[in-house]
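*Asks:* Chain by chain, the residues:
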Amino acid sequence: MKKYIKISVFALIVIVALYNSVYFEKLDERKAKESMKTFDPKDKAHYFWDNELDKLLASAIDLKLFDSQLVDNPENLTSQHGKAVGITSSYCFLVSGQTKQFLPDSEEIPVEITDGRSEYKLQIKYIFSNAARDATDYFNIDDFENTMDFNAISTELNKLILQREVSKLDSLADGDVIKFIGAVEIDPKNIPDQIAIVPLKIEVAR
Amino acid sequence: MKSKKLILCIIGLLIISQFIFSCSKSNNNVKKIAVVISTLNNPWFVVLGETAKKRAVELGYETVIFDSQNNPSKETEHFDNIIASGYKAILFNPTDAKGSVANVKAAKKAGIPVFCMDREIDANDVAVAQILSDNYSGCVLLGQYFVKKLNGKGNYVELLGLVGDNNTWNRSKGFHSVVDNYPDLKMVAQQTGEFDRNKAMEVMESMLQAHQNIDAVFCGNDAMAMGAYQAVRAAGKEGEIMVFGFDGAADVVDAIREGKIEATGMQFPKTMAKTAAEYADKYINGERNFQQKIPVAVELVTKENVGNYVAFGKAE
Numbered sequence: 002m003k004k005y006i007k008i009s010v011f012a013l014i015v016i017v018a019l020y021n022s023v024y025f026e027k028l029d030e031r032k033a034k035e036s037m038k039t040f041d042p043k044d045k046a047h048y049f050w051d052n053e054l055d056k057l058l059a060s061a062i063d064l065k066l067f068d069s070q071l072v073d074n075p076e077n078l079t080s081q082h083g084k085a086v087g088i089t090s091s092y093c094f095l096v097s098g099q100t101k102q103f104l105p106d107s108e109e110i111p112v113e114i115t116d117g118r119s120e121y122k123l124q125i126k127y128i129f130s131n132a133a134r135d136a137t138d139y140f141n142i143d144d145f146e147n148t149m150d151f152n153a154i155s156t157e158l159n160k161l162i163l164q165r166e167v168s169k170l171d172s173l174a175d176g177d178v179i180k181f182i183g184a185v186e187i188d189p190k191n192i193p194d195q196i197a198i199v200p201l202k203i204e205v206a207r
Numbered sequence: 336m337k338s339k340k341l342i343l344c345i346i347g348l349l350i351i352s353q354f355i356f357s358c359s360k361s362n363n364n365v366k367k368i369a370v371v372i373s374t375l376n377n378p379w380f381v382v383l384g385e386t387a388k389k390r391a392v393e394l395g396y397e398t399v400i401f402d403s404q405n406n407p408s409k410e411t412e413h414f415d416n417i418i419a420s421g422y423k424a425i426l427f428n429p430t431d432a433k434g435s436v437a438n439v440k441a442a443k444k445a446g447i448p449v450f451c452m453d454r455e456i457d458a459n460d461v462a463v464a465q466i467l468s469d470n471y472s473g474c475v476l477l478g479q480y481f482v483k484k485l486n487g488k489g490n491y492v493e494l495l496g497l498v499g500d501n502n503t504w505n506r507s508k509g510f511h512s513v514v515d516n517y518p519d520l521k522m523v524a525q526q527t528g529e530f531d532r533n534k535a536m537e538v539m540e541s542m543l544q545a546h547q548n549i550d551a552v553f554c555g556n557d558a559m560a561m562g563a564y565q566a567v568r569a570a571g572k573e574g575e576i577m578v579f580g581f582d583g584a585a586d587v588v589d590a591i592r593e594g595k596i597e598a599t600g601m602q603f604p605k606t607m608a609k610t611a612a613e614y615a616d617k618y619i620n621g622e623r624n625f626q627q628k629i630p631v632a633v634e635l636v637t638k639e640n641v642g643n644y645v646a647f648g649k650a651e
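The listed protein sequences correspond, in order, to chains A and B. To convert, take the position in the first sequence, counting from 1, and add 1; that gives the numbering used here. To convert, take the position in the second sequence, counting from 1, and add 335; that gives the numbering used here.
None of these hints come from the bench; they were simulated from the model. Among the hints, a few may not be true.
What the hints assert, rightly or not - Capping the alpha-carbon separation at 20 Å, the derived lysine to aspartate or glutamate pairs in DMTMM-like fashion look like this:
id, chain 1, residue 1, chain 2, residue 2
1, B, Lys488, A, Glu108
2, B, Lys433, A, Glu108
3, B, Lys483, A, Glu108
Just need the whole structure built from these sequences, with the hints factored in.
*Replies:* In structure tokens form, the structure reads like this:
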């Protein structure tokens, strides 16, 4: 009798131990959970573009005002509107403006402003750099496990710009007005001859 | 007589013990900072380590530099010694983004704050702060210049750095984020040169034998750029193959000036090292509010603007 009790207690311990150490889960559910844990820059960029970007673009300053302040009062311009990540002399800004000039098959569109001091070019073929990510100031580097992930956001945003905004220019006709909100990255102490604008929002007015 | 000798002996022992005690006490009062560098076999890291040491000494710390010789187990040994020796902070240049996390965790557990310099670790809650070059953006600039110099067409090879280091991939990805948009630019080979001049020279020699029509080589650091340049020169192809580097080392800045190398990305090791030492000092003095990752901008150095730069920084 004692032997049966011993065996029963031992069996119970084994069952409890096994129950707590082994569990079953559907493979598709498991995979879904794992993919949630994996960093996906495309998802993050799309979420930002669809849900957050428009609110942030409201803070863009007029390109003419930007141009004059860049020369006359760069300290005020950077303190009021500039965004910088880390230790750098460059700042990113959100600017708004419009242009009528369009050269088919070109890589950029010139943006002329009355009494402008610098030459501005709206980028419409190759979008590089972190200007879009940093000017919008939505992503915090400390939220990313490593800087590669942080930079992958820029890559995805730059793709979205070409897919969703620059593509609006495909059916452009002569005389159309291109209104834009874009990102500019610049060192106010070292202003280049040409300033590139990365478009974040484009509207074509006919 | 005997008791007199005994009393003199006791007094002598007391004086000696007092002296030893006071010495050990004064040693305890000196605060120590450790500077752990991935390798001192590269002048760039020597500048990083020496600048960190100099700034820490200026701030009143006794400072020792440890060379990990690009060997993660050597790095772990250094951390074990540092933890056992009562250091107050570690200014750290890791050997491996993932492998070095355990060492930083061990230091944190022992109450020693770690400040990463130049190279990051794959964790954002272990080190107090990580001061890093913005490698990606720097290589976007280099990529744009590369495309311009090659007129958007040609064959090129890439020499990568250490595969376990995030800087290697940030540089490569930044560069490719630009050049991959140009279908007439073809990468005919990509291989690691392990950030090492001699290794890069060997790899480049093999690449030159395997591919007759190389127009350019993009190197993940300046030591490799110099190695690649030596191989190109030995093959009699100087002037035919453009060499691009990354770092801002003295020999490459000179080579750009002489037209031997096309461009480099100027990093600022002195800025990173000084910032790390100053953060450590602030931490030791009670501050706890630090941003985890602080990228430091990289600037493009070419023949057109090389006059504005010296080795490892801007001309004064």
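*Asks:* Taking the hints in turn, state whether each one holds.
*Replies:* Quick rundown of the hints versus the structure:
1. Between Lys488 of chain B and Glu108 of chain A the CA atoms are separated by roughly 17 Å; this keeps the pair inside 20 Å, and the hint holds.
2. Proposed proximity of Lys433 of chain B and Glu108 of chain A is contradicted: the alpha carbons are some 40 Å apart, above 20 Å.
3. The straight-line distance between the Cα atoms of Lys483 of chain B and Glu108 of chain A is roughly 14 Å, inside the 20 Å bound, and the hint therefore holds.
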